[in-house]
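Novice: With chain V fixed as given, assemble chain L onto it according to the hints.
Chains as they are written, first to last, in my numbering: chain V, 25 to 481; chain L, 343 to 758.
Please keep in mind that the hints were generated in silico from the structure rather than gathered at the bench.
Yeah, the Cβ is synthetic: ideal placement off N, Cα and C, and Gly gets one too.
Certain hints may be false.
Unchecked claim - Selected chain V positions facing chain L (Cβ under 10 Å, derived; list incomplete): (1) M25; (2) W29; (3) V31; (4) L40; (5) I109; (6) Y110; (7) V112; (8) T114; (9) I117; (10) R118; (11) Y473; (12) E475; (13) I476.
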Amino acid sequence: MHSIWAVATNTVKQALRMKMAAAFIVLLLVLLPVIGFTATGDGTIKGRLQTFVSYGLSLTSLLLCLLTVIASVYSLTSDIQQRQIYTVVTKPIRRFQLLLGKLLGVILLDVALLVLFAAIIYAITLYIPKFAGATGEDIARLNNEFFTARAGLTPAEADVTQDVLNMYKELDKGGQLDQVFPDLSRQEVIDQLTTQKKLEKRAAAVGQDLLWEFHNVRPLDPNESLFIRFKYDVSINPPDSQVYGQWLAGDYRQVKYATKIETQIYSFERKDPIRTFREIQVPADAVAQDGYLAVGFLNVPLNNTVVIFPLEDGLEVLYKADTFTANFARAVLLILLRLIFLACLGTFAASFLSFPVAILLCIVFFATASFSGFVIESFDFLGGNMSSVYSYTLKPIISILPQFDKVNPAKFLIPGRLLSWSLVGRTAGLMVCIKAVLLLLLGLLIFSYREIAKIIV
Amino acid sequence: MDYAIETFHLTKIFSDWWGRVRVYAVDDLNLQIRYNEVFGLLGPNGSGKTTTLKLLLGLLHPTKGRSLVLGGDGADPKINARIGFLPEESYLYRYLNARETLDFYGRLFGLPAKVRKMRIEALLDMVGLTAVANRPVGTYSKGMARRIGLAQALINDPDLLILDEPTTGLDPIGTRQIKDLILKLAQRGKTILLCSHLLADVEDVCDRISILYGGKVQAQGQVKDLLQQTDKRQIITDAITDSAVEKIKQIIEAEHAECVVSSPMERLETFFIKTVTAAQEQAQPTSGAVSTTRLGDFLTGEPAKESILDKLVSAPISEQAAPKSPATEQEHIAAVETSSVQPDEQLLRKLTEPVKPSPSDAAADRKVKTQEVEHKPPKEQEIKKSILDQLTGGTSAGHADKQQPDKSASGEGANA
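Looking at chain V on its own, in the form it has when it is part of the complex (with noise of 0.2 Å):
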């Protein structure tokens, strides 16, 4: 451990004696700043600290992400290129404790800066409502939907498969398939009817009702609100393309099974523009003890029209969850892992390859991660032979990297969602535990069976 650790404290001398970090440090510490003080977003408060967190975050993880790959491919290959490592491993250091060591030292170093630049993201962003001279009404809606942590809860999608296959055996019967459903395949035909059918459940005539319930919804503090947040869609559109509905709110077995009422039902009459968000907010301690919650929606008469709740996001139910410090700590945590399994990453490909070239490999892999998501959906929409190509060689390679872009903190802390600390598990698990392990293994066997010594004769 102590031939480790005197790696570890030598890679962090390194990377700040270099000028390595340093570069980073003053570019960050000058930006930070600029971003915190000229971010205008949409011209609202709350625009600017989401521009500012998002930026700020996002500049901060790319720049460290790069340091961790240059400090962690560098400190490697150029021990062996400049040939320290002689010295190095004749003295009582296994191989792979050398390697370690260069890991921790990169990963050390990557905590103490992101814990610096998070320590300054986050005292700009409480500093910029004073800054920007925020009324109180203006902070209470900060605290509403961005200094705070909120869960979303979407209704549980209705089984449908059973009444599909149904729909499917009388049409087939009927020999209407080829009528209705000209050209397609089989699972088409019950992918299309799916849909179908799951939208008639989200769907409400007129005078009808809707109702989702909710279960385990855990309010960080009953005396705030919670908010159904939802969006209209509509068979005809209405003249002022606005929709009536009544809605309702709270523990609705209390109705159902007549018991006494022990926690308050909300109710709310609005009229709402069609096809674009809108949230109601409702006093939390609608929720009851256990954590139901069941909305209700009725489609009144006054509306000429079917309305529909779109699958995707149609409803959902929000709540604090959480505070937003401990989301933002959360958040940085998942750049930290971020770092973890690019250090992993710098520390294998300079196990067996020169420093350009692993600093290459390293690049594309962080490019590829950090937009795999896109790419993967691009290449779906190839047909054809290209597809299949392209399922069996790059789509697996691809897969096998971690998708930065699907854990993206910012897109967490913009609308003020809580990113759970499952998430974080997860992430952990399969980016660090999983993947970045693997990779550092693979480098260590690799590392330590190798020659050390160039060929001289």
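Specialist: Same frame as chain V, but now just chain L:
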């Protein structure tokens, strides 16, 4: 018999990308280096010396054959803990200063902080870098880097010291000092494998040598045996009169042999060190000339080195050299240094005792610096006398005997 280093048909072939044999860097090498021996690996550039060392230390994998270092694998941390290695150039972390460099290596050995600190200061002192210890080693000259390289090789007080071209880049005084150090370590029971093409260095310090060419051993044996011309005799005298020379010539002619009479040449090394010393002595009182400062630091650091080295290597003394009386040790030193070391001693004496400018005396006095310099002038007198006796030919039988055994003899003695 156990050997400190033993190789069995060690072979290293460098192939090209297609696996075709390019060159035999080391070819069926069978080396046997005994414990407590100073062994020299000689050869022209590209003869496989460095490759052999790299094979021994596991930096390269042998194509065929194997090697044992201190009875084990040279890449095994347990064995590494007992080895000191100085590569052909001092590859250092440029951004660390000398102290941090040594501290880093000390920590790799897991030395406790106290021991580390003590050894670092001792080594810095020994290699004369205390004054510049806080400068990044990237700013060091080649010779200074070499010194710090040597210091890192000694931080663990190794049993086996593997030195690849230890004197490259060093000035003659530094070279002299490294040679002295090697001899001193050998006396304290260390095994030293030296790799060099500077023949003078090897000749001065090695017990046995092996000459490599094309990865193969071309000649091997004790330096004395290899070099001694048994069909010739050399007589060295004081400046005797011409008539005496004539008389001697007549005697030799009577033996039907030929003789050449000349004044022995001083070695350039001796002359150089003498000159530098003289220059330094003149410069110091006046301005403390900058150019000589480092040299002065280095050499005045030398006494400390002795005592600290003693501490560093105290264990081996008690174990391996215990049977010898201190007196015999002293005489070994004397004997060893008689062969070649005069200039250094002289210089050291001058530097540490600038008050006594008597070159001939100084040259004669080869008793080692520290103790006397520090606080024992009377003892020094005695020693000087005895050595003067030796030199001026008033040789008692005992002295003559003791002058003979050189390092190889002493090395074998310790082995037996």
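Novice: Can you list which hints this structure breaks, lowest number first?
Specialist: As far as the earlier hints go, not one is violated by this structure.
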